[in-house]
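These protein sequence lines map, in sequence, to chains A and B.
For the first sequence, the working numbering gives the first residue as 6, with consecutive numbering after it.
For the second sequence, the working numbering gives the first residue as 6, with consecutive numbering after it.
Source of the hints: derived by calculation from the structure; they are not laboratory data.
Don't take every hint at face value.
Identical chains blur together in the list; that is why a pair holds if it fits in one copy or across any two.
[Said to hold, decoys possible] Calculated pairs, BS3-like style, for lysine-lysine (alpha carbon to alpha carbon, straight line, at most 25 Å):
1. K215 <-> K225
2. K17 <-> K52
3. K163 <-> K131
4. K51 <-> K24
5. K27 <-> K17
6. K75 <-> K131
7. K292 <-> K107
8. K25 <-> K174
9. K24 <-> K52
10. K174 <-> K107
11. K174 <-> K24
12. K89 <-> K7
13. K131 <-> K107
14. K25 <-> K52
15. K163 <-> K107
2 protein chains.
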Amino acid sequence: MKILRTIGEAQKLTTSLRKKNKTIGFVPTMGYLHEGHLSLVKAARKKADVVIVSIYVNPLQFGPKEDLSKYPRDFKRDELLCRKAEVDYIFYPDDKQMYPDKFSTYVTVENITSILEGRIRPEHFKGVTTIVLKLFNIVQPHFSVFGQKDAQQVAVIKKMNADLNVNTKIIVSPTVREADGLAMSSRNVYLTKEQRADAPYLQKSLQYAKRKILLEGYNKDIEFLEGQMSKLIKSRKTATKIDYISFNDYYTLEEIKSLKNSNNSAILISLAVRFGKVRLIDNIVIKR
Amino acid sequence: MKILRTIGEAQKLTTSLRKKNKTIGFVPTMGYLHEGHLSLVKAARKKADVVIVSIYVNPLQFGPKEDLSKYPRDFKRDELLCRKAEVDYIFYPDDKQMYPDKFSTYVTVENITSILEGRIRPEHFKGVTTIVLKLFNIVQPHFSVFGQKDAQQVAVIKKMNADLNVNTKIIVSPTVREADGLAMSSRNVYLTKEQRADAPYLQKSLQYAKRKILLEGYNKDIEFLEGQMSKLIKSRKTATKIDYISFNDYYTLEEIKSLKNSNNSAILISLAVRFGKVRLIDNIVIKR
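Full structure from sequences and hints, please.
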């Protein structure tokens with residue numbers, strides 16, 4: 006495994022790999038890797054000749070009130086985990102290279118970035134799409150693997166790729182969970198013992214809704230389901246605020262107001278809940 | 006020469022060309038080709054194994070008051086000219102493919118797009134950068150050739166490529182002029198005989214300023230030079246309005262307020278003048 010620290014050497018390598026007809030699989034991360042990331046690497050490893058993981062905490066996707074400097078980092082540990090997972094290259098650039106002085110170009114996807122996470126974090130997806138396009142141009146991957154956990158991120162990046170004709174396939178890998186159902190996240194380390202015990206109720210409430218729909222049919226009232234999910238989450242003392250519970254089309258993120266009249270081929274139920282200062286998200290997909 | 010009408014076939018072709026290590030040279034145009042475009046093709050032909058010209062009138066770069074439907078088009082003639090110029094492929098897509106329903110992703114370069122042309126045409130460069138990035142992703146060129154005549158466009162695209170790490174080299178080709186100095190432009194066909202006779206005064210005024218600086222030194226007052234240029238242009242009856250005369254750094258487009266204290270390696274003097282409804286631009290570069 007080799008570590009690429011400059012854009013120049015990374016782009017030179019990937020250009021030469023492409024000339025040699027090597028399939029490049031790419032997993033962009035912000036580091037502090039957990040089982041979730043490693044499952045993405047595994048998915049890439051299965052299909053690619055060369056697996057490249059980027060580790061870069063992207064300042065552009067943090068809001069002014071979100072603490073970039075406190076985002077957990079541990080490169081030595083990440084390096085070890087990548088080596089074990091048979092990653093071929095880590096792309097590990099610094100801020101000066103990624104956002105040099107007078108950087109002023111941005112990629113924005115409109116509409117679907119102003120709902121759900123985008124409503125709470127207004128500039129977040131602009132930061133995501135800009136860095137992801139940069140990374141795609143540097144790594145030149147044939148495909149990139151993203152986690153289902155960030156379902157809106159997946160939809161936004163797919164939309165960017167379709168609109169801008171980016172020649173990189175997006176592969177979505179299932180959310181990896183702790184034994185009790187809590188979705189893996191770098192943010193979980195911030196949870197107190199009590200919050201950690203309550204956090205699995207996000208997934209429990211999502212599963213409740215899915216079960217209700219599958220067992221009792223698509224004539225279930227969304228307001229009723231949201232109410233029941235909300236009750237279930239609020240029954241946990243450390244769940245201080247529900248930012249949203251939302252039913253959307255999995256592909257277009259169009260809001261679903263009634264299940265009865267919907268003909269969405271896949272329904273995404275997603276939510277965001279705060280446990281004090283820690284904000285967790287989760288989702289579930291129902292395929293018809 | 007082959008005509009590619011779909012994004013799919015174009016992208017498939019260029020992916021396979023890249024695998025075969027063929028150098029792709031690209032000339033993006035809005036059609037209605039003239040000697041200026043053909044000089045860009047010639048420059049591409051010299052260096053590339055495969056030359057691709059795109060012909061697409063990009064609606065996104067037209068303002069609400071600019072008449073997209075009246076933009077001159079003549080594909081049969083363009084095809085003939087491309088064949089003569091030994092173009093290998095014309096990429097000729099339609100609007101439905103380039104901007105499908107619910108298209109919502111844009112590339113914006115900030116700051117340098119809000120001056121000069123951008124001040125008069127506020128959404129113009131957003132349209133340019135979005136289409137150019139799309140075309141780069143479709144055509145996957147090793148290099149692209151742009152005309153010096155649109156100097157700000159060149160600076161904006163270079164900035165986009167640098168910021169987004171686009172792996173396409175930008176080559177700038179000199180402006181091609183009529184015998185009397187008028188820069189070639191698709192818009193020249195709109196000029197009346199009288200306006201056509203006056204139009205070369207754009208270049209005349211630019212040459213005046215360049216000569217003054219080269220002969221009399223960099224201590225020339227910019228306000229004085231602009232005043233003299235303005236006088237020269239206004240001496241022509243059909244020149245109804247000067248939108249701007251501006252001195253900028255050729256690479257960064259930073260405004261130069263005084264030549265005395267400047268250490269710019271190349272100075273761009275540019276202007277835009279209206280002849281009734283026809284708006285012409287031109288520029289000159291002084292390398293130190």
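Hints and how they fare:
{"no.": "1", "hint": "K215 <-> K225", "verdict": "within (11 Å within a copy, 76 Å between copies)"}
{"no.": "2", "hint": "K17 <-> K52", "verdict": "both (22 Å within a copy, 20 Å between copies)"}
{"no.": "3", "hint": "K163 <-> K131", "verdict": "both (14 Å within a copy, 21 Å between copies)"}
{"no.": "4", "hint": "K51 <-> K24", "verdict": "both (21 Å within a copy, 22 Å between copies)"}
{"no.": "5", "hint": "K27 <-> K17", "verdict": "both (14 Å within a copy, 17 Å between copies)"}
{"no.": "6", "hint": "K75 <-> K131", "verdict": "within (21 Å within a copy, 35 Å between copies)"}
{"no.": "7", "hint": "K292 <-> K107", "verdict": "between (45 Å within a copy, 23 Å between copies)"}
{"no.": "8", "hint": "K25 <-> K174", "verdict": "both (19 Å within a copy, 21 Å between copies)"}
{"no.": "9", "hint": "K24 <-> K52", "verdict": "both (18 Å within a copy, 19 Å between copies)"}
{"no.": "10", "hint": "K174 <-> K107", "verdict": "between (31 Å within a copy, 20 Å between copies)"}
{"no.": "11", "hint": "K174 <-> K24", "verdict": "both (18 Å within a copy, 18 Å between copies)"}
{"no.": "12", "hint": "K89 <-> K7", "verdict": "within (13 Å within a copy, 49 Å between copies)"}
{"no.": "13", "hint": "K131 <-> K107", "verdict": "both (17 Å within a copy, 18 Å between copies)"}
{"no.": "14", "hint": "K25 <-> K52", "verdict": "both (16 Å within a copy, 22 Å between copies)"}
{"no.": "15", "hint": "K163 <-> K107", "verdict": "between (28 Å within a copy, 13 Å between copies)"}
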